[in-house]
Amino acid sequence: MTRKRRRLYVLVLCLTGLGTATALVLIALEDNLQHFYSPSQIQAHEVAPLQRFRLGGLVAEDSVAPLSDGVGVTFVVTDLAHEVSVVYSGVLPDLFREGQSVVAHGSLRADGVFEASDVLAKHDENYMPAEVVEALKEAGQWRGPEAGQ
Amino acid sequence: MIPEIGHFALILALLLAAVQATVPLAGARRGDAAWMALAGPAAVGQVMAIAIAFAALMQAYVVSDFTVLNVVQNSHSAKPMLYKISGVWGNHEGSMVLWVLILALFGAMVALFGRNLPPSLKARVLAVQGMIGVGFLGFILATSNPFLRVDPPPLDGNDLNPLLQDPGLAFHPPFLYLGYVGFSMAFSFAVAALIEGRVDAAWARWVRPWTLAAWCALTVGIGLGSWWAYYELGWGGWWFWDPVENASFMPWLAGTALLHSALVVEKRDALKSWTVLLAIVTFGLSLLGTFLVRSGILVSVHAFAVDSARGVFVLALLVAAIGGALILFAVRAPRLQPGGLFAPISREGALVLNNLLLVTATATVLIGTLFPLFAQALGYRVSVGAPFFNIVFVPLAVPLVATMAIGPLLAWKRGDLAGALGRLKAAMALTVIVALAALYWHSGGPVLALLGIAMAAWAFFGALVEFAERIRLFRIPPGDSWRRARGLPRSAWGQTVAHAGLGIAIAGMVGTSAWRSEVIDTLRPGDTVPLAGYEVVFEGVEPVAGPNYTADRGRFTVRRGDRVVATLFPEKRFYPVAQMGTTEAAIHTTLASDVYVALGNGPAADGTWTVRLYHHPLVPWIWFGAIVMAVGGLVSLSDRRLRVGAPKRARRPAAAAEPQPAE
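For the protein sequence lines, the chains are A and B, in the order given.
Following this note's numbering, the numbering of the first sequence begins with 211 at its first residue and continues without gaps.
Following this note's numbering, the numbering of the second sequence begins with 617 at its first residue and continues without gaps.
It is possible that some hints are incorrect.
[Said to hold, decoys possible] Covered stretches of chain B, as calculated for chain A (at least 3 residues, CB under 8 Å): (1) 975-985; (2) 997-1003; (3) 1131-1139; (4) 1191-1198; (5) 1207-1219.
Simulated from the structure, these hints should not be mistaken for laboratory data.
Here the structure is a predicted model, which means the values were calculated and not measured.
Don't be surprised by glycine CBs; every beta carbon is placed ideally from N, CA and C.
Let the hints inform the model, and build the full structure from the sequences given.
Written out as structure tokens, the structure is:
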């Protein structure tokens, strides 16, 4: 076993590893990227039905209500220009409340209601996700300081 | 007055760090012993100054000094004392002070206990440590001063985020920082060795204890964080592949690789430049984690309050530290003498494979974590979800675990794969038995779960078989085996314990991911719900008052047949100061599973409550496994401590299977 042979083995191993990893990453990225859309973009029909994506905005005031099955909850996400109804049957995060920013993962049903599989709100309630800030800016409804991102 | 003393102490610490970063380095270059010796007192002085600053901040929190802005923003007079104290590091500014305190503490420990280090290496290590100190102390003083005053002071504070008022989270950050900052020692040693131009077995022996200590702390820190997520977030998830979790996981993966490659440097004098590079990368990932968490650049469920100036500062530090170190590496690494040769099938070969897999795994996690950033730069708004990480990570983990049992049975230089596999027959048989048992109990579960359980069993039994081989269990009389076991170096014990611990943790992860059962329902007091062989009776809800919150406390009786197994009291708490609620799940744990109850909204108009019940098989094993791994690291560390004192080259033969006289 010469030094050169050893180098060769290590190199081949490295390249195999790198190749496998790249392949895995590409395959996984293809299926698991989630795009972010605001209610205005949904209104403009930029989203295909059944496509999984992230919806962000503010929880509209007085919109949170239990569903008839008693377990789920429905609420409205708004970017102050347009609105989307959301249904969700998991655990709402403790920081979730009306008037605060929220990001939900899920897809649109045929009736235009967003069915969420996850709902995120921040630990830090002064913070608004950068995505939501931009969505509000695009909708022309941003009221915060310019440096607030 | 006291906050000003703290502020001045921080400034003093910055100046001492600046001295520590420059004078010893110049001294080592000129061969001036007096200049080099200055590193020690500077390091000790720095830690004392930062300790004073930390104590001053602690005092402000303990007495609720609301003239200090930081206390106003993060504390409240009605908060329990434990959380007043943990509030010191529950916010950005205070946590940075803890960060530099631990950094300086590590430096001072090298100064005090590194007597047998060559003076020039010691001076350079401390100088590099001083540079990191200058960077972070400058960061605190320039952008995150915890001692800012408010005038006029408010009557009371804003309270610490109630989610953070929890024992699991109170001790989670200090352990994480011990881990992150501990890797700075490996970094300093690597950079010092590059300046010195020499890496040898002795160097590896000095680096390993620091890396091991940092790794143990990080293991405990990550375990605590995931345990907190499990019981606090209300549904029993223990890992989310969230950017902030990844930020702590990447240094752990790279640090695990570093532990193993340093072993090769120590025993065989090979893989030297790779190990130096890994040390730099590991600390770089720790800094990257700090950057991701502090800058708020990624969407995460955890985050500190965000300030872009801070993000820029940490990014500059990251670029300076890692860029500088990598340039130094590029210039100096070719000069390192290449070491011993080895065949692909050998202990070294197995450790190289381990390193490749761990580093590849680190890289994939890094890509998944940073991809949204790059996409954002190109105008897309995307995120990478948990499925990405599961798809990428699991195929890399499988060969890693498979190698883990085989590697230690291979000889250094040239190993015998068939022989190693032959000696693992017992482990294989046990693995098959465990997999069949899992199939019998959970025939409906996913097939991948069987593979997962088999991997866990393989890691666990592989570690035990390797240990049994070392002490020749069942082949020689038990008394002789016992004597051999006592004679084995502590590092061998540590390896077995840590590897077995990983097996236990994997079993826990697989068990709860594959065989979890859940019931979400609206219940009236008196209702009974079946859950995975148990019956859970909802007895009712009563209001209770805590020290700084009010709560609805549910009462649930868990029965199996006629026997009452447990009574559980989940709560929904409301913290009036922060105007925020938290969900406190109640958990009944047996060794093999958890019954997990969380109270949802209620009562509805018809008197019902939303209730979430989960049965998590094997889940306690995740954290038990993490503790076992950390214990393994500590056992190994206790061996190193003895050896660090030993002079260079006075080493036992690498084949440690020979009985040693009791020490």
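Going through the hints against the structure:
1. 975-985: holds (count 5)
2. 997-1003: holds (count 6)
3. 1131-1139: As far as the stretch 1131-1139 of chain B goes, the hint holds, because 3 residues have Cβ atoms under 8 Å from chain A.
4. 1191-1198: That given contact holds, which follows from 3 residues of the stretch 1191-1198 of chain B lying within Cβ reach (below 8 Å) of chain A.
5. 1207-1219: Check passed, 3 qualifying residues.
Taken one by one, the earlier hints all hold for this structure without exception.
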